[in-house]
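S.K.: Okay, here's what each chain looks like letter by letter:
There are 2 protein chains.
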Amino acid sequence: MVSVPVKPKVNKHAPVSRRWLRDILAALYRIRPATRADVASHAKLNNASVSRGLQQLDGAGIIRKVGKLDSRGGRPREVISLEPSACTFIAMDLEGVTVRCTLTDLLGNFRLRWEEQVSLGQALPVERVFAGIDVLLRDATPAQRERVQAIGVSFPGLLDEQGCLTAVNLGWHDVPLERLLTERYRLPVFLERDEATCIRAERSHGLAKQARDWMYLIVSNGIGVGFVVDGRHVSGHTKMSGELGHVTVDPHSTIQCQCGKYGCLETIASTPAILRQYGELTGSTASSLACIRLAEIFERARRGEVSALAVVKRAAEALGFTLSYAVNLLNPELILLGGDIVCGQDLILPWIRSEIARHALPQLASAVSFAVSDLGPDIRLRGAASLAFHRCLRDPSLLARLCRIA
Amino acid sequence: MVSVPVKPKVNKHAPVSRRWLRDILAALYRIRPATRADVASHAKLNNASVSRGLQQLDGAGIIRKVGKLDSRGGRPREVISLEPSACTFIAMDLEGVTVRCTLTDLLGNFRLRWEEQVSLGQALPVERVFAGIDVLLRDATPAQRERVQAIGVSFPGLLDEQGCLTAVNLGWHDVPLERLLTERYRLPVFLERDEATCIRAERSHGLAKQARDWMYLIVSNGIGVGFVVDGRHVSGHTKMSGELGHVTVDPHSTIQCQCGKYGCLETIASTPAILRQYGELTGSTASSLACIRLAEIFERARRGEVSALAVVKRAAEALGFTLSYAVNLLNPELILLGGDIVCGQDLILPWIRSEIARHALPQLASAVSFAVSDLGPDIRLRGAASLAFHRCLRDPSLLARLCRIA
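Sequence lines, in order, name chains S and Z.
Residue numbers for the first sequence follow the working numbering, so the first one is 135 and each next one is one higher.
Residue numbers for the second sequence follow the working numbering, so the first one is 135 and each next one is one higher.
A couple of the hints might just be wrong.
Same chains, same label: a pair holds when it works inside one copy or across any pair of copies.
Stated by the list, open to error - The calculated lysine-lysine pairs, modelled on DSBU-like cross-linking and capped at a C-alpha distance of 30 Å, are: (1) K199 - K178; (2) K373 - K178; (3) K447 - K395; (4) K373 - K343; (5) K343 - K395; (6) K373 - K395; (7) K343 - K199; (8) K178 - K202; (9) K343 - K202.
Hints were generated in silico from the structure; no laboratory data involved.
Remember, it's a predicted structure, so these values are computed and weren't measured experimentally.
Okay, chain S solo, but in the shape it has when bound (with noise of 0.2 Å):
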């Protein structure tokens, strides 16, 4: 029998914390490379903590020492990096008419893709998106076979009570996809939403690592945005937050929104919307219009032509008008722009800015600075790797697995 002390010592040999395992991996994600320092900020621990867990995670080769920095005075400090071949995941981006699968390192740098072309009207079956995954794990090293941890995959549409997916773009009705590729692939599976998968991407990998209030609007066949708070992302009570695109703008309005009201954002200033106000216009048939492709109508506006500076400025002004509410209830530090629309960010984004400027209270519109996506087509892809990541830390086996405790 051993006498406590009343003050236990610190022991070195004692197991090191698997929440300070988890906090010192997600800000190696984060921050790349990193000092002890920034580790220790990022996940607010103390020196002693963030050292013995370093110890614990080098020594299992999830990490590695990529050089040092002169510091004034004292010993040089360690740079510090995820070692990227440590672990393997699979991540795989279910929207619009290609579906994308990626081999990831730990980082999410893609090692090995696989892509698919889904016809407009016609259904993939579940099968070939198997098949991709084979075409992965065939074509990877024994390694980073045996090293993946998990697949993570961003999902356009309706998960249902049971885990059932509905995705219209795929011909998808009630899919039970995660139990499909548990079953087969013997892998954990994790599924999101591809808005939040989106703003998982630009938290880990794009021009939103800073931010703490920001949110990310998304304008494609839909319009959307997701808002972080504080660092978190806000889902709300029923986990249908950032419905923007069905706020009303025209309440006059006789265009019926898909939600079945009039006057939505969406009917104004989505990619459809656009065009069938182009069309309106110009007077052109639906079958010539749909050659006609959003960044078509973006560059007739940039070249003069009247109709299309018209329309584009109007979803413009629509968008900037909802966003003044937005920012005057959030006070966000950020808005960041993504989807279809990106491809006419010259034109959109300096009126955007001036109908917030317009709107919001002046204090609240200088707060705000403008930036848009630079993640392009594979931002759902990197958002699943990091989604699948993330979730390993969460849950403790996997977060000893990944990090080689027996």
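Chain Z: place on chain S using the hints.
M.R.: Then chain Z, alone, in the frame of chain S:
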């Protein structure tokens, strides 16, 4: 030298973590009274930590056992409450035309109170406020006096970076209130803007105790809204969130708002705006209007007076329209109404609801419920007491004093 075991044993005599004490106290402030299981679940602590924390708080006289609940099969469960008389706080409300001070017990119950009317347009000397606190301290029992932990103040107006308060209603310009109070009473002083204090009061004592995602709408001389998202108050990047009063409702309006813009919600639905529009419709002179109060206009609307009904309906619809944006964006479970407008809730609420139903997505409109604050004119005092308590928990030395830890 004692050899330390690899897995340290739990030491029942080691000091209890201050974080545990803080989280247990916060849980007991919210849940009254509570079982151990309630505390563990609310404070997110395990049973052993809760037991040790409660033991220490019991020893210090901060909590008491108030009864036992039968439990199926097991031992009866003890019901615990904070001991009200263990500590006292001074709470102050500087809003409006009455300055209020109270001495509260640990749970925020008022033990002594003092009030002073502020004559409109006349400055209230800061010394009058001191005199009020002096009266409270004079009338307190020696035990109450000795146990004052802190002063909490709910203020209107602006606090600059040097801690100087400008409050138009009191005729105060750059008053260093915090410093003056600290110097005079040698107590920690915590100041908070009135909207935030109201939200605090609703969370600690009001109808929003159980809600995680809700908003608080205050309509009085101005219009503001406070958001609580996943249990946390949203303050915004520059601490200016919630400016619902300055969203543009009528872009073609010729009525200029105090903020310089045109057609803001405040020019339609605030108390002065309702009075102004009623005057315009009825052709009343400014001097005859000065005698009419908002409650009177609601009363005339109830009696079916056309002008009163029109003005009240316009205000309510504008509130509903702007709230529909907030509902679509943030997907709250509850909207709580406060301020002057509460006295017309029977008229206002149905119009607000129907506008939200018309302009928000049906799934979001049906997810939100409505309630009217029942805390009355003491709401900010209750919030100020809660502020003082919770700020003491945050500060290690104040927490130690509150818990009587050496």
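S.K.: Work down the list of hints and note, for each, if the structure agrees.
M.R.: Evaluated hints:
Taking the shortest alpha-carbon separations for K199 and K178, only the intra-copy value of 21 Å comes in at or below 30 Å, while the best inter-copy value is 36 Å. With identical chains, the CA atoms of K373 and K178 are at most 30 Å apart both within one copy (28 Å) and between copies (23 Å). In this assembly of identical chains, the alpha carbons of K447 and K395 lie at most 30 Å apart whether taken from the same copy (23 Å) or from different copies (22 Å). Taking identical chains as interchangeable, the C-alpha atoms of K373 and K343 lie at most 30 Å apart whether they share a chain (23 Å) or sit on different chains (20 Å).
In this homomeric assembly, K343 and K395 never come within 30 Å of each other (Cα to Cα): the closest approach is 36 Å inside a single copy and 34 Å across copies. For the identical chains of this complex, K373 and K395 are intra-copy neighbours only, at 21 Å inside a copy versus 34 Å across copies, given an alpha-carbon limit of 30 Å. Taking the shortest alpha-carbon separations for K343 and K199, only the intra-copy value of 23 Å comes in at or below 30 Å, while the best inter-copy value is 49 Å. Taking the shortest alpha-carbon separations for K178 and K202, only the intra-copy value of 22 Å comes in at or below 30 Å, while the best inter-copy value is 40 Å.
In this assembly of identical chains, the alpha carbons of K343 and K202 lie at most 30 Å apart only when taken from the same copy (24 Å versus 51 Å across copies).
Consistency with the previously given hints fails for number 5 only.
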